[in-house]
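So for the sequence shown, this note's numbering puts the first residue at 1; every next one is plus one.
Some clues are possibly wrong.
Straight line, CA to CA, 25 Å or less: simulated DSS-like cross-link-like pairs of lysine-lysine [as the list claims (entries may be wrong)]:
#	residue 1	residue 2
1	LYS39	LYS69
2	LYS147	LYS39
3	LYS147	LYS69
None of these hints come from the bench; they were simulated from the model.
On a predicted model such as this, the values are computed, not experimentally measured, just so you know.
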Amino acid sequence: MAQRVLVINGPNLNRLGSREPEIYGTLSYSDLTSAVLEKALELGLEADIRQSNSESEIIDWLHLAAESKLPVIMNPAAFTHYSYAIADACAMLVEPLIEVHISNPGAREEFRHHSVVTPSATGVIAGFGVDSYLLALHALSRLLLSKA
Numbered sequence: 001m002a003q004r005v006l007v008i009n010g011p012n013l014n015r016l017g018s019r020e021p022e023i024y025g026t027l028s029y030s031d032l033t034s035a036v037l038e039k040a041l042e043l044g045l046e047a048d049i050r051q052s053n054s055e056s057e058i059i060d061w062l063h064l065a066a067e068s069k070l071p072v073i074m075n076p077a078a079f080t081h082y083s084y085a086i087a088d089a090c091a092m093l094v095e096p097l098i099e100v101h102i103s104n105p106g107a108r109e110e111f112r113h114h115s116v117v118t119p120s121a122t123g124v125i126a127g128f129g130v131d132s133y134l135l136a137l138h139a140l141s142r143l144l145l146s147k148a
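Sequences and hints are given; from them, build the entire structure.
Okay, here's the thing in structure tokens:
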């Protein structure tokens, strides 16, 4: 039975492909989900991919992950920098959390340089476009195998 992993995407990621393609690339959100599903299957994982522009919905999903002991890959998007409520929900997780970003926040505007999510993350992968998610799946797979 494949290990389920919750992949959470924050605000505006549903606009991939049309939103600032010079920063986020030209792949659509549908392309992202297809690539993640394919890589997860290849690694023996079952990806449950979700996207919301709502902070409260993301918090509910993190609570679900904590209660269900699910590992999480999350791109908190703009919530990365200021959502202490999401940060608090991340702190409740008992399985690995990998924070991902399509762009490199450290190479962008000053306000993007700090993440309130990172202190609860097992690791952070940023700046590799959609491949950030695929690298996160590889890392998570290895983490889960080492715990088995």
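* Asked: Which of the stated hints cannot be reconciled with the structure, identified by number in ascending sequence?
  -> none
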